[in-house]
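Peer 1: Each chain is listed here by its residues.
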Amino acid sequence: MNQHDCIDDIVKSVDTKDDFARIELTGEIDMGCAMGLRSTLMEIIQQRPTTVMIIMSEVDFMDSSGLATLVEALQACRKYQGHLKLIGLTQRVRNVFEISRLDTIFELFDTEEEALA
Amino acid sequence: MTLTKTADTKKICQTWLRIMANPRYLAIARTAVKRVALELGINTDSTDSIVLAVEEALTNVIRHAYGGHCDELIDINFNKVISPDSDRVAIEILIRDYGNQVPLEKIKSRDLEEIMPGGIGVHIIQSIMDECEFYHSEDGIGTFLQLTKYVKLENTK
Chain A
129 MNQHDCIDDI VKSVDTKDDF ARIELTGEID MGCAMGLRST LMEIIQQRPT
179 TVMIIMSEVD FMDSSGLATL VEALQACRKY QGHLKLIGLT QRVRNVFEIS
229 RLDTIFELFD TEEEALA
Chain B
67 MTLTKTADTK KICQTWLRIM ANPRYLAIAR TAVKRVALEL GINTDSTDSI
117 VLAVEEALTN VIRHAYGGHC DELIDINFNK VISPDSDRVA IEILIRDYGN
167 QVPLEKIKSR DLEEIMPGGI GVHIIQSIMD ECEFYHSEDG IGTFLQLTKY
217 VKLENTK
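For the record, the sequence lines run as chains A and B. The number in my numbering is simply the position in the first sequence, starting from 1, with 128 added. The number in my numbering is simply the position in the second sequence, starting from 1, with 66 added.
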């Protein structure tokens, strides 16, 4: 498949320090971007950070491809008892989680402060 | 929730969009679907949902009907159906591919109790749209997906 590599368009920043990783996403996450996002997340999770925070306040749209990528990331974190926290979901993106009944599976927070508390 | 079609039923605002089955063009399709829905007078919340449902359908076509081949075509047709006796309109979206005809009985949502990546596109579509029907083209080439969403007239322009 000729994947549209838009990973640079959706990963705004990546900060890793000690056992903590903070990834900020932006834009629209669809089938074209999901593979690249998966690679980026898995590369970070392979380092086994205790906490992976994904800031999604600037993510305007996400479909089930993006959701599948996050599920994979969550499963990878859980293998070593790591935490994957999603922060700042817009209602539009949260709706996708709710329809898929994954809103109770993920750790969702409105702000970074809440996630770090 | 249905809209009984009578002799006075009108089908208006027909819009037809053709895109390549390339993930690169999904963003274009989303923008087009959003504009068409808004033009048809659909409110923002319903528009967002319709955009997601169509996105999921297109993704499934790319992945399953075309096996990832990006040089194939997908047709999307929009209609607004109005019946004078009803307090609602029907937004009909017909998505047509020219790829492999997946057995219709295999096009279904999986068990959501199992937490795993993927396989929830059909569930999302069925959750959002009021009606969702897959049928094969009689010429043996490709599949149609008819999506229908009923919207109250008060929520349209």
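By construction, these hints were calculated from the structure, which means they are not laboratory data. For each residue, glycine too, the CB sits at the ideal point set by N, CA and C. Incorrect hints may appear among the rest.
[Said to hold, decoys possible] Covered by chain A, according to a simulated footprint, are these stretches of chain B (three or more residues, beta-carbon under 8 Å): (1) 92 to 98; (2) 121 to 134; (3) 161 to 169; (4) 200 to 213.
[Claimed, not checked] Calculated pairs, EDC-like style, for lysine to aspartate or glutamate (alpha carbon to alpha carbon, straight line, at most 20 Å): (5) 218(B) / 204(B); (6) 207(A) / 180(B); (7) 218(B) / 141(B); (8) 174(B) / 226(A); (9) 174(B) / 151(B); (10) 100(B) / 241(A); (11) 172(B) / 158(B); (12) 172(B) / 199(B); (13) 76(B) / 111(B).
Peer 1: All hints, please: hold or fail.
Peer 2: Hints, one by one, checked against the model:
1. Note: the segment 92 to 98 of chain B has 3 residues with beta-carbon separation from chain A under 8 Å; the three-residue rule is met and the coverage holds.
2. Coverage of the segment 121 to 134 of chain B by chain A holds [criterion: at least 3 residues with CB-CB distance below 8 Å; count 6].
3. Closer than 8 Å: that is the beta-carbon criterion, and the segment 161 to 169 of chain B has 0 residues meeting it against chain A, so the requirement of 3 is violated.
4. A stretch counts as covered by a chain when three or more of its residues have a beta carbon under 8 Å from one of that chain; for the segment 200 to 213 of chain B and chain A the count is 0, and the coverage is violated.
5. Distance check on the hinted pair: residue 218(B) and residue 204(B) sit about 34 Å apart at the alpha-carbon level, beyond 20 Å; violated.
6. Taken as a hint, the residue 207(A) and residue 180(B) pair is honoured in the structure, with Cα atoms around 17 Å apart against an allowance of 20 Å.
7. Of the supplied pair hints, the one linking residue 218(B) and residue 141(B) is violated, its CA atoms being roughly 27 Å apart against a limit of 20 Å.
8. Note on residue 174(B) and residue 226(A): the hinted pairing holds, with a Cα-Cα distance of about 19 Å set against a maximum of 20 Å.
9. Proximity of residue 174(B) to residue 151(B) is assessed by CA-CA distance (about 34 Å); at most 20 Å being required, the pair is judged violated.
10. Annotation: proposed proximity of residue 100(B) to residue 241(A) is violated, straight-line Cα distance about 34 Å (limit 20 Å).
11. A distance of roughly 23 Å separates the Cα atoms of residue 172(B) and residue 158(B); the hinted pair therefore is violated under the 20 Å criterion.
12. For the hint linking residue 172(B) to residue 199(B), the alpha-carbon distance of about 13 Å falls within 20 Å, and the restraint holds.
13. At most 20 Å may separate the alpha-carbon atoms for a hinted pair to count; residue 76(B) and residue 111(B) exceed this at roughly 25 Å.
This entry does not satisfy hints 3, 4, 5, 7, 9, 10, 11 and 13, going by the numbered hints stated previously.
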